[in-house]
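**Student:** Chains B and C: place on chain A using the hints.
Chains as they are written, first to last, in full-length UniProt numbering: chain A, 1 to 335; chain B, 1 to 219; chain C, 1 to 211.
Do not rely on the hints blindly, as some may be mistaken.
[As the list claims (entries may be wrong)] Selected chain B positions facing chain A (in silico; Cβ < 7 Å): (1) MET123; (2) ARG126; (3) SER212; (4) GLY214.
[To be verified] Calculated cross-link-like contacts (lysine-lysine; reagent style PhoX-like; alpha-carbon spacing at most 25 Å): (5) LYS121(B) x LYS187(A); (6) LYS121(B) x LYS130(A); (7) LYS187(A) x LYS29(A); (8) LYS130(A) x LYS201(A); (9) LYS187(A) x LYS201(A); (10) LYS54(B) x LYS121(B).
[Said to hold, decoys possible] Quick list of the computed label-pair ranges, beta carbon to beta carbon: (11) THR132(B) x THR27(A): 23 to 29 Å; (12) LEU84(B) x LEU79(C): 23 to 29 Å; (13) VAL25(C) x PHE57(B): 42 to 48 Å; (14) GLY212(A) x VAL52(C): 35 to 41 Å; (15) TRP208(C) x ARG239(A): 38 to 44 Å.
Bear in mind the hints are in silico, worked out from the structure with no lab data behind them.
Think of the CB as a built atom: it goes at the ideal place given N, C-alpha and C, for glycine as much as any other residue.
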Amino acid sequence: MITFEDVVKIYPGGGTAVDHLSMELPTGKMTVLVGPSGCGKTTSLRMINRMVEPTSGRVLIDGQDVSGQDEALLRRGIGYVIQHAGLFPHRTVLDNVATVPMLLGRTRRQARAASLELLERVGLPAEFAKRYPAQLSGGQQQRVGVARALAADPPVMLMDEPFSAVDPVVRSQLHAEFLRLQQDLGKTIAMVTHDIDEAIKLGDYVAILRQGGVLAQFGTPQELLDHPADDFVASFVGRDRGLRSLSFDAAASVPVSPPGDDLVTDEAGRPVAWRTPSGERPIGGTFTKDDSLRVITDLAIMSPVGIAVRVGADGVCDGIVRHHDLVDYLIARRS
Amino acid sequence: MNLSYLLDPAHWDPSVSGSFPQLLLSHLWYVFLALLIGTVIALPIGLYIGHTGKGSFIAINAGNAGRSLPTLGLLMLMVTLLGLGLLPVLIALTVLVVPPILTSTYAGMRTLDRRVVDAAKGMGMRPWQVLTRVELPMALPVLMGGFRSAALQVVATATVAAAVGLGGLGRLLIDGLAVNDYSRVLAGAIVVAVLAVVLDLFLALVQRWVVSPGVSGRF
Amino acid sequence: MIQYLQNNSDTVLAALRQHLYLALVPVLLGFVIALPVGYLGVRFPWLYHPLVNTCGVLYSIPSLALFVFLPVVLGTKILSPLNIVVALTIYTVALLARTVADGLRSVDKLVNEAATAMGYRRLRRLVDVELPVALPVILAGLRVATVANISLVSVGALIGIGGLGQLFTRGFQLFYVEPIVVGIVLSVLLAGVADLVIVLVQRAVTPWARA
Numbered sequence: 001m002i003t004f005e006d007v008v009k010i011y012p013g014g015g016t017a018v019d020h021l022s023m024e025l026p027t028g029k030m031t032v033l034v035g036p037s038g039c040g041k042t043t044s045l046r047m048i049n050r051m052v053e054p055t056s057g058r059v060l061i062d063g064q065d066v067s068g069q070d071e072a073l074l075r076r077g078i079g080y081v082i083q084h085a086g087l088f089p090h091r092t093v094l095d096n097v098a099t100v101p102m103l104l105g106r107t108r109r110q111a112r113a114a115s116l117e118l119l120e121r122v123g124l125p126a127e128f129a130k131r132y133p134a135q136l137s138g139g140q141q142q143r144v145g146v147a148r149a150l151a152a153d154p155p156v157m158l159m160d161e162p163f164s165a166v167d168p169v170v171r172s173q174l175h176a177e178f179l180r181l182q183q184d185l186g187k188t189i190a191m192v193t194h195d196i197d198e199a200i201k202l203g204d205y206v207a208i209l210r211q212g213g214v215l216a217q218f219g220t221p222q223e224l225l226d227h228p229a230d231d232f233v234a235s236f237v238g239r240d241r242g243l244r245s246l247s248f249d250a251a252a253s254v255p256v257s258p259p260g261d262d263l264v265t266d267e268a269g270r271p272v273a274w275r276t277p278s279g280e281r282p283i284g285g286t287f288t289k290d291d292s293l294r295v296i297t298d299l300a301i302m303s304p305v306g307i308a309v310r311v312g313a314d315g316v317c318d319g320i321v322r323h324h325d326l327v328d329y330l331i332a333r334r335s
Numbered sequence: 001m002n003l004s005y006l007l008d009p010a011h012w013d014p015s016v017s018g019s020f021p022q023l024l025l026s027h028l029w030y031v032f033l034a035l036l037i038g039t040v041i042a043l044p045i046g047l048y049i050g051h052t053g054k055g056s057f058i059a060i061n062a063g064n065a066g067r068s069l070p071t072l073g074l075l076m077l078m079v080t081l082l083g084l085g086l087l088p089v090l091i092a093l094t095v096l097v098v099p100p101i102l103t104s105t106y107a108g109m110r111t112l113d114r115r116v117v118d119a120a121k122g123m124g125m126r127p128w129q130v131l132t133r134v135e136l137p138m139a140l141p142v143l144m145g146g147f148r149s150a151a152l153q154v155v156a157t158a159t160v161a162a163a164v165g166l167g168g169l170g171r172l173l174i175d176g177l178a179v180n181d182y183s184r185v186l187a188g189a190i191v192v193a194v195l196a197v198v199l200d201l202f203l204a205l206v207q208r209w210v211v212s213p214g215v216s217g218r219f
Numbered sequence: 001m002i003q004y005l006q007n008n009s010d011t012v013l014a015a016l017r018q019h020l021y022l023a024l025v026p027v028l029l030g031f032v033i034a035l036p037v038g039y040l041g042v043r044f045p046w047l048y049h050p051l052v053n054t055c056g057v058l059y060s061i062p063s064l065a066l067f068v069f070l071p072v073v074l075g076t077k078i079l080s081p082l083n084i085v086v087a088l089t090i091y092t093v094a095l096l097a098r099t100v101a102d103g104l105r106s107v108d109k110l111v112n113e114a115a116t117a118m119g120y121r122r123l124r125r126l127v128d129v130e131l132p133v134a135l136p137v138i139l140a141g142l143r144v145a146t147v148a149n150i151s152l153v154s155v156g157a158l159i160g161i162g163g164l165g166q167l168f169t170r171g172f173q174l175f176y177v178e179p180i181v182v183g184i185v186l187s188v189l190l191a192g193v194a195d196l197v198i199v200l201v202q203r204a205v206t207p208w209a210r211a
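In isolation and in its complexed conformation, chain A is listed as follows (with noise of 0.2 Å):
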């Protein structure tokens, strides 16, 4: 667990960036750091492996006062990965993922072997472990950059605005592969973005920071959508927040109805069409109990007679949705 203490940061020049910021980052979790600039929220993260000293106040990590720990020690138990990955441009990606356990104390030939299997992990082929930062591209010099992170395997990582470099597709593919390392891993994790998309997609919790360093509401991307504290975190949230946050509803709570005669199934009972008075109309799409609340909504939005189908694993149809049956447990819901 990672606690802030009534942590103040006063920049000489008279900034406040961190305002008497308390919270506490769980362990095992991934908590996002979010805000407009100068929200303080890299100052925040920095202060964590001691890049920046606060004014007063404390972290811990798991009870203990970072600022009694010897700083290239504890920040060699901290896995940290910036924007732009950091890369070292002399060395190879190899002996790049084994800086720290080369700091460590570890031979050279441990490091590199540790260092081959987690450049697998993070999606790089063996070949690559040779080559140069400069040789690739920035989605991969990011996942070098994460595995350099993870090389020493620390119980803690820092990632400041890790995925903002690369272009939109790449940063969908980081994430996804991302939340799926997390999940193997289950690191305690502070992670600081200005996207607030990118916080509620990724973070089990997310701290929302406002100017001046001040935190407006610490929670999960859900009690964030549903219960923004003021306007300001209602604001960044964004407009449609509704609608997301039933991204995080299970489709399984829903209840289905039997489906009617106007399915049309195949020979194994999977859904193919409607029947309509104006003919046969295409499915669109169907759900499974795994998807979300949200994937049913615009199911039933885009069918054409407004019914969203389930399906189970083998793709038989073994239930509906009617739209004014979701919108009443989409209104019981709400109280």
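**Tutor:** Then chains B and C, alone, in the frame of chain A:
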């Protein structure tokens, strides 16, 4: 073009005093000494200024100031003040070596990507490790550029230093001019030009060898 | 020092005048030659590396060697000022041709494409767009070349023509510090003033580059 002096085998005999090999060797010796002393002085100062950012004014202007010093005047001033000998010449040569190395070291340190330095610190490198393992290797191309121009400067100035009594290849030029032996002057000019070109080529190879392909872009 | 200047004002002024001439004529000649040469290195990319390497070799030749070598090639007398002028012109070209090429290469491709898209022909684009954008780089090279030339001229004193350098040889022969110090101070001042003039010109002609 009278090449008789250059092609005379007697002048290539290493055992004869004043032969090309002997003059070349002493010339290289002065160049080596000046570069060594100059680097020992300039490199730490340049690294310190580049690493800390303190005193950057000195580093930025040293190069220009050094370039504007007339080498012949500096040599003759030193010898006039301190008398004939190796020491005053060496002082003058060192004064010329320090600015380009200092300025290029500083420039190399300042132009490197600070985000990489931030990453190095964030990963737990100590200041000394950041300097030697990250900043220095990244600054090396620019630093080597300064070192090479310093080396050329010393080769040229050591030649001129024959006018104030130093040995080396400049003797051929100065002595030849004194006795109107243009064949000797020409031989000296050719040998010293070849030396400069070859030395620069050699340092370019050294640079290619010590600079990481990831930095130079020669993969 | 003052005493020396008063007694020798004519000699010093003559040396200064010659120094200026020997240093600045090559700067002008070299600049005029380097512009087209550097442009060729950009216009024909295969020429760039040979150009850079040739410039590197020329620039690495020690000045005294070049001063005494040129009479053999040019057929001039060894005491002719032309040797110094030609030698320093060679150095200036060697330095500036590369700077011009690098400056032109540093022009943002997008800027060039935008100009072409607006209908600029190659030459007009060079004059209207590429050269102005490359100017800060080129003028930085010009400063280096000018300062280097001014300090190099005095080496010519060893073959009898060297502007302020003659004050050095005179002082050295008589074991007399004053002329040497006067020569050094004047040479450094001259370099400083010339440098300043180029900086001021640069500020005037590249208002967009002012920080």
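**Student:** Indicate, hint by hint, whether the structure satisfies it.
**Tutor:** To see whether the hints hold, each was checked on the structure:
1. MET123: Holds - the Cβ of MET123(B) comes within 7 Å of chain A, reaching about 5 Å at its closest.
2. ARG126: At about 5 Å, which falls below the 7 Å cut-off, the nearest Cβ of chain A leaves the hint on ARG126(B) intact, so it holds.
3. SER212: holds (3 Å)
4. GLY214: Hint on GLY214(B): holds, closest Cβ of chain A at ~3 Å, below 7 Å.
5. LYS121(B) x LYS187(A): holds (21 Å)
6. LYS121(B) x LYS130(A): Holds, because 24 Å separates the two Cα atoms, which is no more than 25 Å.
7. LYS187(A) x LYS29(A): holds (6 Å)
8. LYS130(A) x LYS201(A): Not OK: LYS130(A) and LYS201(A) at ~34 Å, beyond 25 Å, violated.
9. LYS187(A) x LYS201(A): holds (17 Å)
10. LYS54(B) x LYS121(B): Since the Cα atoms of LYS54(B) and LYS121(B) sit roughly 19 Å apart, the hinted pair holds (cutoff 25 Å).
11. THR132(B) x THR27(A): 23 to 29 Å: violated (36 Å)
12. LEU84(B) x LEU79(C): 23 to 29 Å: For LEU79(C) against LEU84(B), whose Cβ atoms are near 27 Å apart, the range 23 to 29 Å holds.
13. VAL25(C) x PHE57(B): 42 to 48 Å: With a Cβ separation near 33 Å, VAL25(C) and PHE57(B) fall outside 42 to 48 Å, so the hint is violated.
14. GLY212(A) x VAL52(C): 35 to 41 Å: With Cβ atoms ~53 Å apart, the hint is violated.
15. TRP208(C) x ARG239(A): 38 to 44 Å: holds (41 Å)
The structure shown violates the earlier hints numbered 8, 11, 13, 14.
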